[in-house]
Amino acid sequence: MRELNQLSISEARDGLRSREFSAVELANSCLAAVDNAAELNLFCETTAELALDAARMADVRISSGDAPSMCGIPVGIKDLFCTAGVSTQAASKILQGFKPEYESTVTARLTDAGATMLGKLNMDEFAMGSSTEHSVYGPAVNPWRAKGCDRKRSPGGSSGGSAAAVAADLCLGALGTDTGGSIRQPAAFTGTVGVKPTYGRCSRWGIIAFASSLDQAGPLTKSVRDAAIMLEAISGHDPKDSTSANHEVPNFESFLERGVAGKKIGIPREFRLDAMPSEIETLWSDGAKMLRSQGAEIVDVSLPHTKYALPAYYVIAPAEASSNLARYDGVRYGYRARLRDGEGIVELYKRTRAEGFGQEVKRRVMIGTYVLSQGFYEAYYRRAQKVRSLIKRDFEKIFAEGVEALLTPATPSSAFEIGSVGKSDPVEMYLNDVFTVTVNLAGLPGISVPAGLDRQGLPLGLQIIGRPWDEGEMLACAYAIEDAAGFSAKPDRWWI
Amino acid sequence: MHRMNFREPEPKTIAGARGDWEMVIGLEVHAQVSSKSKLFSGSSTEFGAEPNSNVDFVDAAMPGMLPVINEFCVEQAVRTGLGLKAKINLRSEFDRKNYFYPDLPQGYQISQLYHPIVGEGEVTVETRQGFARRVRIEHLHLEQDAGKSLHDLDPNCSYVDLNRTGVALMEIVSYPDIRSPEEAAAYILKLRQILRFLGTCDGNMQNGNLRADVNVSVRPKGSSNLGIRCEIKNMNSTKFIQQAIDYEARRQVAILEDGGKVVQETRLYDASSGTTRSMRSKEEAHDYRYFPCPDLLPLEISKEWVDSVAAGIPELPDEKKARFIREFGVTPYDADVLTAEADNAAYFEDVAAGRDGKTAANWVINELFGRLNKDGKSVSESPVSASQLGAILDLLAAKDISGKIAKEVFEIVWNEGGDPAMIVEERGLKQVTDERAIRSAVEMVLEANPDQVERARANPKVAGWFVGQVMKSTGGKANPAQVNAIVRELLEL
Amino acid sequence: MAITPDEAAKVAHLARIEVADSDLEGIASELSSILGFMEQLNEVDIEGVEPMSAVTPMLLKRRSDNVTSGGDSVKVLSNAPENRQGFFVVPKVVE
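Protein chains in written order, with our numbering: chain A, 1 to 496; chain B, 1 to 493; chain C, 1 to 95.
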């Protein structure tokens, strides 16, 4: 008999509506799982009382018969979302003690739909990273381990806490954010589903900014159906975010059964890396076969500027971040360094930021500062934004040719051991985003769906890239792969 | 459109050891948009509120907060651009200007460097009648104001108030076309006048709603090269601006004549010593790392919308002045006075409508403005309305009252209100024009003063004394022209 | 493109991050390595290409000029490390 916390969102929704169990029981089951999973270091703040209050309210709503899909569903929230009265630190020391007086639009939408927030989830500081190792709370741990090996692995990042919490059945769904792959890469590393919506689909208001032109919130869930349900709940126009689009939000769940028959799905040849592991290669071609066997037309397509996505991303994202993070100065909130006699405001800024930011954040802020500085703005930043235009144009061209979605691997590898990547060269870690950043640069929707296990018994994911505002068709493709792959593996519960 | 012919004023020169120097001045004027709420947030712009009370989470740069632009501010920028006869850019962009300062919570100011909303324009600045400098506007852009740091509340700390943070400013940047401190002051006052006519900025310099950064350089007289300039920051008084420019230009001349080099820097004017000094906090070389603000999209406006805004632009000072001269026959000087403020001009037009323009100008300037000045009132607070003043002028024109009585009636209306015609009627102030009545009054005076009559016949100038006596005896009501004529007749002059 | 320790110090100052002199060498080499990675962008022909200004093209939305927020300094100051008499407090700033 499965425990309640092991249910998917759609299963729990049905169970709640048919009164098999209550939202309070469901919340308690998750809270107990959270308590038992301290070793994974996924929750940086647990809000049990708030969760139970919300669950009680949800039970009332459900019994009145007026309950949206997310009503009574326990969720975890990445620490990047501002949550009123609840510690919000972006996993950084510099926001020590910060409790926002306001609630992000996306979390407010979830709460309004009746979801119960269990707490805040670990992440890479300010969402900068691909491993959730760079956190003031310490590294998050992936529930998955290699066969016959008890070394701890990274859940990916930066939404590693969110992905791992879903994989470990601590919550039914979680909110993450994706700037260059921060939802899809951890989803692939943990055998979960992760969606990065079209830029402008979800409001950024109240989400601590990393790179404004790339950041999007999105769900991490146990199934494609759950992703559709949760995505619908958090989507929609927000007048408080100038980049949020006034686009109708369809019922995403209704797209799932549409199938892929007759759809033209592209395989971008530039995504085939020189040193791609054969297992990834195999997974990718298996994915193509699954879609073809369900009637899709698989076509070879070219995105000629793919190679330049990663370097363009690592100019644009740090540049925006260097400016977005200037507000962390020890004056209005968060950490403030101690000064020695005779020191002034400049020392206050410099020491607060030196002590408050972690190494990776400081590195990116400095890179971003450099590429915007006098004499380099044209050569780096402007050039990167031009390359970005070309990357977007590549996609527009193939979409105009009738391609409805693209299939690619989600990551170049499965989950790596904590501490094993990027120690000597930060660029090594950046390469994790090689398949995902193009999607952010072009503002497109992308989804990572688990499609198999590698030799070591670790999950691997495939990515579907959709047309702008066409998350529905993208989800339908992912649903077809999920169905064909029949991925049902769960990690052993070694942490209990 | 009427275009006045002007001559260019002479540049102000500073005599040096080896020749004359001339000053080259450009201004960056910051005009606060007359909006209720801020440029990118919904908090109030009201002046003088409790510290940090007109501040919301966006202004305080709380994590995750985002800007949304105030459409009223966009419209005011466009209106101002149209008022400056400038090119309106249908597509503009917002950039972030990055620097650290306690009163700049975001760590950047949202401004418009690369693609401002308004392009080149011009302002005609009259320095005296017949002389004007055409000052070209380089561009106008929208930006956020910073907050305020108070340094004198505590010996060891500075206090930060963010009430002003995020208030919309229009930065109006001129070319270095100005050649004297007086021109600089006249330029600011002209801009202020235009802004107030448009209603886009209240022009209150005391509250800092209109202030300027002044760029000053010097060069040998007649040279067409630009020297190295210094920027004097944050000036909000035309008097101090003139003093600062004068001091700064002389300082630079002294350096150059000494064989030295002017260092391009930001300076602060100290009014108590009348000098400028280098700003310590701005000493280090700045690198603002401007880049397009990723929280905002390009601002696109349509030609049709700009046209509709243009349709709502009122007549501006230059055109109004020209029209007043043309239509009402007033002098250029009087036209300047009458068009200083839109309210004043409107009052004058109401008074002058259907009446003699020169008389109306005379009365509005000398009687009304004089009286308002004395009481420290503005035209909108005037106890005498334009129609009341018009009625007085009508009585005067109809010779129902004399000029002297008209002033008395004006004073009565000022203090007590009322309809001037009724006042004249009820208080018996109506001028006596009855030939017989005046003749008998004159005769009585002549009879009573036989010696004076003799003297007047010898010296006709003495006749004026009789006119005065008759006016006195009639309580000022007799028509002075008739009195004069009858006195001369009876004296056989 | 290699960054010297001196340039690294300048960047750190511009970014207002205190760095020990002994760390400059290491930071300079890390930054150089990242910039080296970005050098690939120089291969791209960007002739006549406009830089991206909005990934999702749409009209910039505007709000009407109404006072809808503010008026609560307590909330604004509630997270401040130091505040007095309604002000944020910082070490003395010399202008």
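One thing to keep in mind: the hints can contain errors.
To be verified - Dumping the calculated DMTMM-like pairs for lysine to aspartate or glutamate here, alpha-carbon to alpha-carbon at most 25 Å: (1) B/148 / A/101; (2) B/97 / C/50; (3) A/392 / B/300.
Claimed, not checked - Non-contacting residues of chain B with respect to chain A, defined by C-beta distances greater than 12 Å in every case (computed): (4) 246; (5) 261; (6) 297; (7) 366.
Said to hold, decoys possible - Just a few of them, taken from the derived set where beta-carbon distance is under 10 Å, the chain A residues facing chain B: (8) 86; (9) 88; (10) 319; (11) 320; (12) 373; (13) 453.
Hint data in this document are derived by calculation from the structure and do not stem from the laboratory. We treat Cβ as the ideally placed atom computed from N, Cα and C, and that holds for glycine.
Tested hints:
Taken as a hint, the residue 148 of chain B and residue 101 of chain A pair is honoured in the structure, with Cα atoms around 24 Å apart against an allowance of 25 Å. For the hint linking residue 97 of chain B to residue 50 of chain C, the alpha-carbon distance of about 21 Å falls within 25 Å, and the restraint holds. A hinted pair counts as satisfied when its Cα atoms are at most 25 Å apart, and residue 392 of chain A with residue 300 of chain B qualifies at roughly 22 Å. The claim that residue 246 of chain B lies off the interface holds: its Cβ sits roughly 33 Å from the closest Cβ of chain A, which is beyond the 12 Å cut-off.
The Cβ of residue 261 of chain B sits about 22 Å from the closest Cβ of chain A, beyond the 12 Å cut-off, so the non-interface label holds. Not every CB of chain A is more than 12 Å from the CB of residue 297 of chain B (nearest about 6 Å), against its label as outside the interface. At roughly 55 Å from the closest C-beta of chain A, the C-beta of residue 366 of chain B stays outside 12 Å, upholding its exclusion from the interface. Using the Cβ-Cβ criterion of 10 Å, the hint placing residue 86 of chain A at the interface with chain B is not satisfied: the shortest such distance is roughly 13 Å.
The beta carbon of residue 88 of chain A is positioned within 10 Å of a beta carbon in chain B (closest approach about 7 Å), and the interface hint is therefore held. Interface hint at residue 319 of chain A: satisfied, since its Cβ lies 6 Å from the closest Cβ of chain B, which is below the 10 Å cut-off. Contact between residue 320 of chain A and chain B, as hinted, is supported at the beta carbon level, the nearest pair being about 5 Å apart and thus within 10 Å. For residue 373 of chain A, the interface hint holds, the least distance from its beta-carbon to any beta-carbon of chain B being 5 Å, beneath 10 Å.
Below 10 Å, beta-carbon pairs count as interface contacts, and residue 453 of chain A has none with chain B, the closest being about 37 Å; its hint is therefore violated.
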